[in-house]
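> Each chain is listed here by its residues.
Protein chains: 2
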Amino acid sequence: MVNAGDMNGSGNLMDFLDEPFPDVGTYEDFHTIDWLREKSRDTDRHRKITSKSKESIWEFIKSLLDAWSGWVVMLLIGLMAGTLAGVIDLAVDWMTDLKEGVCLSAFWYSHEQCCWTSSETTFNDRDKCPQWQKWSELLVGQSEGASAYILNYFLYIMWALCFAFLAVSLVRVFAPYACGSGIPEIKTILSGFIIRGYLGKWTLLIKTVTLVLVVSSGLSLGKEGPLVHVACCCGNFFSSLFSKYSKNEGKRREVLSAAAAAGVSVAFGAPIGGVLFSLEEVSYYFPLKTLWRSFFAALVAAFTLRSINPFGNSRLVLFYVEYHTPWYMAELFPFILLGVFGGLWGTLFIRCNIAWCRRRKTTRLGKYPVLEVIVITAITAIIAYPNPYTRRSTSELISELFNDCGALESSQLCDYINDPNMTRPVDDIPDRPAGPGVYTAMWQLALALVFKIVITIFTFGMKIPSGLFIPSMAVGAIAGRMVGIGVEQLAYHHHDWIIFRNWCRPGADCVTPGLYAMVGAAACLGGVTRMTVSLVVIMFELTGGLEYIVPLMAAAVTSKWVADAFGKEGIYEAHIHLNGYPFLDVKDEFTHRTLATDVMRPRRGEAPLSVLTQDSMTVEDVETLIKETDYNGFPVVVSKDSERLIGFAQRRELILAIKNARQRQDGVVSNSIVYFTEDPPELPPNSPHPLKLRRILNLSPFTVTDHTPMETVVDIFRKLGLRQCLVTRSGRLLGIITKKDVLRHMAQMANQDPESIMFN
Amino acid sequence: MVNAGDMNGSGNLMDFLDEPFPDVGTYEDFHTIDWLREKSRDTDRHRKITSKSKESIWEFIKSLLDAWSGWVVMLLIGLMAGTLAGVIDLAVDWMTDLKEGVCLSAFWYSHEQCCWTSSETTFNDRDKCPQWQKWSELLVGQSEGASAYILNYFLYIMWALCFAFLAVSLVRVFAPYACGSGIPEIKTILSGFIIRGYLGKWTLLIKTVTLVLVVSSGLSLGKEGPLVHVACCCGNFFSSLFSKYSKNEGKRREVLSAAAAAGVSVAFGAPIGGVLFSLEEVSYYFPLKTLWRSFFAALVAAFTLRSINPFGNSRLVLFYVEYHTPWYMAELFPFILLGVFGGLWGTLFIRCNIAWCRRRKTTRLGKYPVLEVIVITAITAIIAYPNPYTRRSTSELISELFNDCGALESSQLCDYINDPNMTRPVDDIPDRPAGPGVYTAMWQLALALVFKIVITIFTFGMKIPSGLFIPSMAVGAIAGRMVGIGVEQLAYHHHDWIIFRNWCRPGADCVTPGLYAMVGAAACLGGVTRMTVSLVVIMFELTGGLEYIVPLMAAAVTSKWVADAFGKEGIYEAHIHLNGYPFLDVKDEFTHRTLATDVMRPRRGEAPLSVLTQDSMTVEDVETLIKETDYNGFPVVVSKDSERLIGFAQRRELILAIKNARQRQDGVVSNSIVYFTEDPPELPPNSPHPLKLRRILNLSPFTVTDHTPMETVVDIFRKLGLRQCLVTRSGRLLGIITKKDVLRHMAQMANQDPESIMFN
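Those sequence lines, one after another, are chains A and B.
At position 456 of the first sequence (counting the first as 1) the number is 456 in our numbering, and the numbers step up by one without a gap.
At position 269 of the second sequence (counting the first as 1) the number is 269 in our numbering, and the numbers step up by one without a gap.
Hint data in this document are derived by calculation from the structure and do not stem from the laboratory.
The reader is advised that the hints may include incorrect statements.
Chain copies aren't distinguished; within one or between two, either way the pair holds.
Pairs of lysine to aspartate or glutamate, DMTMM-like flavour, derived with a Cα cap of 25 Å [stated by the list, open to error]:
hint, residue 1, residue 2
1, Lys-719, Glu-589
2, Lys-719, Asp-585
3, Lys-587, Glu-396
4, Lys-134, Glu-620
Bound-form chain A, shown alone (with noise of 0.2 Å):
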């Protein structure tokens, strides 16, 4: 049966324009909202400001006010997201050196930002300066030697300890809720679902603290997801400040998507991008009007970070990349391959991480968090340390595999052997062979590859903030730069092949590696998240070049439909599921036979369903009903032998409407009786008073009939975000959908557990 929280229906609208009781309009934690309930509302209000903007001026500026507060609370997120993306960028930048040595000409500078100020730096030694020690220079003096190696390696891990221990112990004590990306949470919560304090205040500071803590400490985690939590964290903080908002849930998920947007443009710098990303992944409800709103405040926030400028080079993100060379065609192979790869990676990622989620959830592994946070990031710490490319952060990591090999490269990754006789401009570098350091390189990535594949699957969902964009990237990087440097050489070595001979004579520079790489990161991104567009659209804003794209969306589309093989869901959307939130995905296709019948409650052989009758239910009959069950709301039928139907009463308005009746209407007692109809009849005087509630109820609940197949029932609860429908037959009750119900019957269907489904 039914049980309450599905019902909570639309209420009767024309009658509620001044809101008899105080709770009217609200909806309960963990329950569905109903999307044309709150649209009406809106309206409702909408009308009655441009009626009143006609009184007064004072109600003119008030009706401007209101109509331009969506821009105003747009300009805010932006600001705000795009402030918090700054300093989380700062801060996370100063404590991840600080992990290795401190700066003493001040100590709040980072390795780079000591180094800068300094006037001692030579430019080719530019990590190198008096001013910032490593601990072992500052405690015991010494900054070479295997004792010094050993303090310094106890001092990463101390640090990365106590990181992520304070990051754990703030989310259990303040925010349980700001753990995890937030990703699938708030896609759920942006489809109608009500989870009280995801978006409060708490919330939003504990997870940018912790946030800045767990990143850090070096755990394979990525601060973008999470980033999109507290772009919404601020949605929702300044929709609380606007009535208009505020008390309408629909109007305030408009503005989280908004907010999607701009959190997604600071973490990629994509503004854009994000506005894709809000559309095609979190949102639900996206009117065209959002659209540009979200792109505005998008924008908004990219220029507040690029005025705060986190990494002294006016870009917006540690990975922006421009390369020089064009592709050629017979690369797709390799880029076809790459999307494989990430397709392959996804899947396992998809499938481990779950299994590991389900383990911690069912057994009594999942008791332990905080001990479970210090184990990972302590093994973390212990095998990160040795390997350089483990050690430092994971974007500084991606950010230098997607570079080109400049003559001006210092890294061991451009260790390449010059020809002396050579000289070409600087950022025409032909194709040159591989030095010892890119030997090295190639041998401490693999290994790096293996440990990020591993500790990301454990690391992702543990109760600390934890994004999945960037361990996703990194682990694409380090492959695509691998396969990047092996087509390199290859060519090099034999450009006499047939496939090489057309497009890589020698001295020409026709291998980029680091443009495998990006394809590398945009395929395992892809593999992980299902992301199309959006992925595209980001990674081209990243590159700032037409012309990638092409390899881009080869590796994203292989990617996509390799793991589509293996399993249709995303790490969200299975995320979404692993928690039984209810969630009526728009891209899932319902393609079964069934019809209405099927589904609805109640079920051929159960208790017939409750319903309320127009005229011949006495005050108490109705009291009893509500007391013996816990559905959200009755229909309300002509009488019981009819069975037709002429509306619908929520639970929660006819308690406040009886209690209301009994304390302040003379005469309405227990037997008194309860029309729902228009005019009630002339009743016997001495016949107790009766109690008319016409006015609580929604004369236009939805109604389907039995015959109506499933797939057009689904649609209607997507497109018209309904929480539940009537079904009847030649104008005859005979029962009711819920949202509830309709997911139940999609998992059966899908051969899951309809039992998964846990909440309203």
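For this one, chain A is given, so just place chain B on it according to the hints.
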């Protein structure tokens, strides 16, 4: 009353799997499709293929091909749209130059190609080479002097008239649908309307050819809008090759949405902007799957065009620019002024153009389309030739106006007085005082602006292909460049003013007039079309820098607000209304407090609704009903007394079923009873054979109660794409609301003539 065409509702899908009659599932011309039904039919098709694919390997391969056909269609559309755009660009280039002269070395070369291939061209005088001869040189051997000028002038006008006459004749004789920009009609078609032949092969061919002719004739129109129509014709052509798309009007529209994106992609060299344009402006039903495929089609089209390289600079459009200097906050003021100008121009243009088009429609003027084109072409050519800024093609004009004045620029607009003591890098030239050329240019530009504004109003809407993007952008670019030069000179001569002091020291390159031209173009385009996100993204893709998004956005927002203050409709919506197409705009908010009962038919005092009863009407009764009415379908009720709704039968299917039964089934005569029930009762032995029609009955017609607010009804019609909806009260059938009723009601509420909605 509702008439035929309103009610061709959703068939009973369960019974129609094997489509018993040939014509079932098609729609008549100028009728609206039922989206829910199309979707169900596609799901059925898909189910059939999936179940068959398990039977044999051949069927499995066929199912794979079917799954891939979507991508194949996209690839083909991209290739064809890109190729056509390239061919059009090349042909326009050649024919525009043909008006002035001819290339002696090869007559099919345009002026630029001719001199490019010539060895005698010097860098400073790229436009002069002996191979290229003006007509006067060729015919009378003179290139200078009054008589040569007059000869060239005369031939210019003759060529223009010749091109225009050819174009309008071709359109009139072969493809009347090829005229106009096509975007209003495509919007209507995508929203579910049928206009047979509008996207046909003839239209494609004639539109492509005449587009070249009219653009070359020098009329004030562009090829960008018509290119969307051309791309959609390609989409329609390729979708007719695959039964998945050709037999399903809903699926076909998905392809057309993607084709529209490809069209904009090649028109502006902006693949992402194209997809957003299709999403924001053109499409009605745009699932995420289509987003991804549209992106693919747009990319393929862009790369095809680039490999054709029509402009010889590996850019997709003529007016691609790169700016070298940033903009300053104080410049936002002129940018916003340009936005205001754009909004005013948009309003002026829409009002005047619609008034003129209405006049053409209602007076005798409309009877002489050929003469009209000839007259307008003659006027355009006569006025345009003496002014160098109107003589050349509008794209070239825009390109020059957008351009920043580099050191090597020889154009009149870049005739600044150079400081001989100053040596600076090529791209970073300080602001300089304007020379005489600039002053001349300002006068000529002012005249060109007035001319363009007036002539465009009369040009758009003639019976030739005509796009609006380019003329609108030209108006804005001229205004913008003039403002830009003004600000530049102001800043140069008054650099001690407080607003300039901070950012415009002497010797600094602080004002870029080209950027003002671009901002002005965006503002004017926004004012006319009311595009928002897609406009900014298209412009962003033209400049290639995130830097200039803020000015563009400021102008676009201002322009939209200003224009919206005078009237909400963009030019495309205005033309849709003018033509009376049944287009239910997603962007219009319906905020009135009417109820379903106010809109449904029959109204009070009208004849009762024509209904069928489930078991008491004879074949003759039904035939009489069909003959006497022209409704597209009839509700079926239990009995005339109870009026309880059981389903909906379509006129077309009723006629076919009765005809069929009379021919094939023995014993069905005029007084046979028609049964819509599941099990007809046993009849007395000598009564005529009954006719069972349950299988043509749609058992799940869409219903709402009479108290449903129209706001909700409009939402349902929009989101579910219904054709009609039945109105009930307590299970009794009261009336019917069709899409046309909804549109009429909306027109009435907006104080427009409800009879302006002409089609069903």
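> Could you run down the list of hints and mark each one as holding or not?
Results of checking the hints against the structure:
When the C-alpha separation of Lys-719 and Glu-589 is checked against a cutoff of 25 Å, the pair qualifies both within a copy, at 13 Å, and between copies, at 17 Å. Taking the closest pair of Cα atoms, Lys-719 and Asp-585 come within 25 Å of each other both inside a single copy (11 Å) and across two copies (16 Å). For a Cα distance limit of 25 Å, the shortest separation of Lys-587 from Glu-396 qualifies neither inside one copy, at 35 Å, nor across copies, at 44 Å. For a Cα distance limit of 25 Å, the shortest separation of Lys-134 from Glu-620 qualifies neither inside one copy, at 79 Å, nor across copies, at 100 Å.
The structure fails to meet hints 3 and 4 from the earlier list, while all remaining hints are met.
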